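Put together the whole structure using the sequences plus the hints.
Protein chains: 2
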Amino acid sequence: MAVWGERLAGVRGVLLDISGVLYDSGEGGGVPIAGSVDAVARLKRSQLKVRFCTNESQKSRGELVALLRRLGFDISEEEVTAPAPATCQILKERGLRPHLLIHDGVRSEFDQIDKSSPNCVVMADAGESFSYQNMNKAFQILMELENPVLISLGKGRYYKETSGLMLDVGAYVKALEYACGIEAEVVGKPSPEFFKSALQALGVEAHQAIMIGDDIVGDIGGAQRCGMRALQVRTGKFRPSDEHHPEVKADGYVDNLAEAVDLLLQHADK
Amino acid sequence: MAVWGERLAGVRGVLLDISGVLYDSGEGGGVPIAGSVDAVARLKRSQLKVRFCTNESQKSRGELVALLRRLGFDISEEEVTAPAPATCQILKERGLRPHLLIHDGVRSEFDQIDKSSPNCVVMADAGESFSYQNMNKAFQILMELENPVLISLGKGRYYKETSGLMLDVGAYVKALEYACGIEAEVVGKPSPEFFKSALQALGVEAHQAIMIGDDIVGDIGGAQRCGMRALQVRTGKFRPSDEHHPEVKADGYVDNLAEAVDLLLQHADK
Chain A
1 MAVWGERLAG VRGVLLDISG VLYDSGEGGG VPIAGSVDAV ARLKRSQLKV
51 RFCTNESQKS RGELVALLRR LGFDISEEEV TAPAPATCQI LKERGLRPHL
101 LIHDGVRSEF DQIDKSSPNC VVMADAGESF SYQNMNKAFQ ILMELENPVL
151 ISLGKGRYYK ETSGLMLDVG AYVKALEYAC GIEAEVVGKP SPEFFKSALQ
201 ALGVEAHQAI MIGDDIVGDI GGAQRCGMRA LQVRTGKFRP SDEHHPEVKA
251 DGYVDNLAEA VDLLLQHADK
Chain B
1 MAVWGERLAG VRGVLLDISG VLYDSGEGGG VPIAGSVDAV ARLKRSQLKV
51 RFCTNESQKS RGELVALLRR LGFDISEEEV TAPAPATCQI LKERGLRPHL
101 LIHDGVRSEF DQIDKSSPNC VVMADAGESF SYQNMNKAFQ ILMELENPVL
151 ISLGKGRYYK ETSGLMLDVG AYVKALEYAC GIEAEVVGKP SPEFFKSALQ
201 ALGVEAHQAI MIGDDIVGDI GGAQRCGMRA LQVRTGKFRP SDEHHPEVKA
251 DGYVDNLAEA VDLLLQHADK
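These protein sequence lines map, in sequence, to chains A and B.
The working numbering numbers the first residue of the first sequence as 1 and each following residue consecutively.
The working numbering numbers the first residue of the second sequence as 1 and each following residue consecutively.
Please keep in mind that the hints were generated in silico from the structure rather than gathered at the bench.
Careful, some of the hints might be misleading.
As the list claims (entries may be wrong) - Derived lysine to aspartate or glutamate pairs resembling EDC-like cross-links, with alpha carbons at most 20 Å apart:
| hint | chain 1 | residue 1 | chain 2 | residue 2 |
| --- | --- | --- | --- | --- |
| 1 | A | K160 | B | E146 |
| 2 | B | K49 | B | E259 |
| 3 | A | K137 | B | E146 |
| 4 | B | K115 | B | E93 |
Said to hold, decoys possible - Negatives, chain A to chain B, calculated, CB over 12 Å:
| hint | residue |
| --- | --- |
| 5 | R7 |
| 6 | E63 |
| 7 | A66 |
| 8 | R70 |
| 9 | E79 |
| 10 | R97 |
| 11 | I113 |
| 12 | D114 |
| 13 | S131 |
| 14 | E185 |
| 15 | D255 |
| 16 | E259 |
Unchecked claim - Covered stretches of chain B (in silico footprint by chain A; criterion: 3 or more residues with CB under 8 Å from a CB of chain A, positions within the stretch not fixed):
| hint | stretch |
| --- | --- |
| 17 | 131-143 |
| 18 | 166-179 |
Every value quoted in this text rests on a predicted model; they were computed, and no experiment measured them.
A virtual CB, placed ideally from N, CA and C, is assigned to each residue, including glycine.
Structure (structure tokens):
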């Protein structure tokens with residue numbers, strides 16, 4: 001297909017979303033998506049540069065990588081761009097002391113951060129910890145601040161677990177934004193800063209890079225706004241209506257990561 | 001003050017918000033706001049027509065009225081416009097079978113409604129029942145519907161309990177709207193239909209009526225858009241910044257319901 005040759009010409013680096021592309025999370029950690037373990041291995045044996053770019057915020061980077069290695073993936077912590085470390089950097093730079101509305105699994109990422117007398121709220125995908133009580137506590141803290149600062153690790157609408165679609169942090173961000181009359185600062189996809197830091201670590205320019213993800217807005221739209229190309233996989237949270245999204249059109253739609261890698265190995269960097 | 005004489009001239013009917021105007025809810029049911037029991041009694045002895053117009057959706061109308069009577073208020077069920085009965089009417093008219101994301105206290109209002117094979121979600125101020133699990137269940141049902149319908153009893157940002165500010169249903173409406181990419185239908189203030197039904201029950205025209213509430217957007221802005229006048233009380237969820245709201249300006253600001261009634265008895269219907 002000549003069309004793929006044109007679409008993928010000059011690609012030298014690949015950013016891979018993790019959840020919904022490599023695996024579906026769920027009971028017992030989750031399951032790899034068929035063909036993805038081998039697809040990552042083939043990509044890494046090729047001349048293409050590879051980096052993982054995730055909004056995962058329920059687990060620390062270490063725990064996420066340990067889980068993926070158990071599932072068979074060739075991946076190390078240094079290859080992953082994730083929002084928690086990026087958030088810690090911002091907190092330190094701006095002297096912010098967070099109240100954390102997060103999942104216990106990611107709490108260790110904030111061990112070195114001063115959390116006394118909070119002057120901001122940091123929220124991530126807290127899952128079951130998004131209780132009314134915890135949401136209300138964060139709300140009350142924001143309402144008592146003269147200049148309320150709300151930082152969110154990602155703003156996803158939902159993600160897919162093996163048991164079905166699950167509400168993501170973005171829904172709860174919208175709740176606090178509305179209640180407090182404020183706008184959150186998002187660390188993670190689709191923030192341009194986040195994609196740029198991943199590209200920098202990858203060592204290629206935006207026009208030489210392609211994002212592969214299951215989120216039409218966060219992955220595809222976000223990457224394209226940074227000048228990258230982007231493929232949407234029909235796994236994870238993909239829904240058929242995504243191919244007719246009113247605002248975002250991917251550079252290509254593929255059944256899964258395996259098909260994306262087949263195409264890349266055949267056509268990229270030609 | 002001549003200015004009040006002008007502002008209140010021709011008022012023949014009064015709509016009273018309940019929470020934050022008559023009482024603050026909280027431990028043990030709540031406490032009356034100082035002077036409000038007597039203020040309601042004085043209003044009802046006057047020539048002015050009085051009706052209560054509430055977005056309360058944690059309690060059935062019967063339970064709410066019983067609580068207020070225990071606190072000393074002269075009030076009966078027939079005098080209250082509330083969103084649950086209005087919602088049941090809509091469900092019946094449109095053949096909708098709701099999945100209910102509500103507080104147990106209001107469940108009895110929906111006893112006569114068919115809830116098998118839900119084809120919509122009805123949400124109210126569920127309080128502690130806004131768990132992640134319950135929110136996710138409502139989300140999953142909406143995502144499985146071809147034409148998802150979300151009906152919300154009110155869309156308040158927050159309300160005040162004796163222990164502090166509390167997240168209201170509107171925050172959770174925003175969460176589901178964002179996650180599902182839909183817009184909720186709101187039954188309750190500030191919906192014009194809701195104010196109109198209260199006015200009809202009151203038996204006066206909009207230009208002859210005044211709303212007294214603590215919510216600058218839901219009470220004051222909503223009533224004014226219907227052609228009514230509106231006073232904001234400095235009790236309940238009132239915050240000083242409300243007096244400089246970028247979009248809504250009340251026809252007057254008063255310390256509490258007692259002051260509003262003093263002014264009305266002095267100047268209304270002249």
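Do the hints match the structure? See the list:
1. A:K160 with B:E146: Within the cut-off at roughly 19 Å; holds.
2. B:K49 with B:E259: Holds. K49 of chain B to E259 of chain B sits at ~18 Å (cutoff 20 Å).
3. A:K137 with B:E146: Given that 20 Å is the threshold and the Cα spacing comes to 36 Å, the pair is violated.
4. B:K115 with B:E93: With Cα atoms ~15 Å apart, K115 of chain B and E93 of chain B stay inside 20 Å; holds.
5. R7: holds (28 Å)
6. E63: holds (20 Å)
7. A66: holds (25 Å)
8. R70: Given a closest Cβ separation of 26 Å, the condition holds.
9. E79: holds (30 Å)
10. R97: Nearest chain B Cβ is 21 Å from R97 of chain A, so the label holds.
11. I113: holds (25 Å)
12. D114: holds (25 Å)
13. S131: violated (6 Å)
14. E185: holds (17 Å)
15. D255: With a cut-off of 12 Å, D255 of chain A remains clear of chain B, as the shortest Cβ separation is near 22 Å.
16. E259: holds (26 Å)
17. 131-143: holds (count 8)
18. 166-179: Satisfied; 12 residues make the cut.
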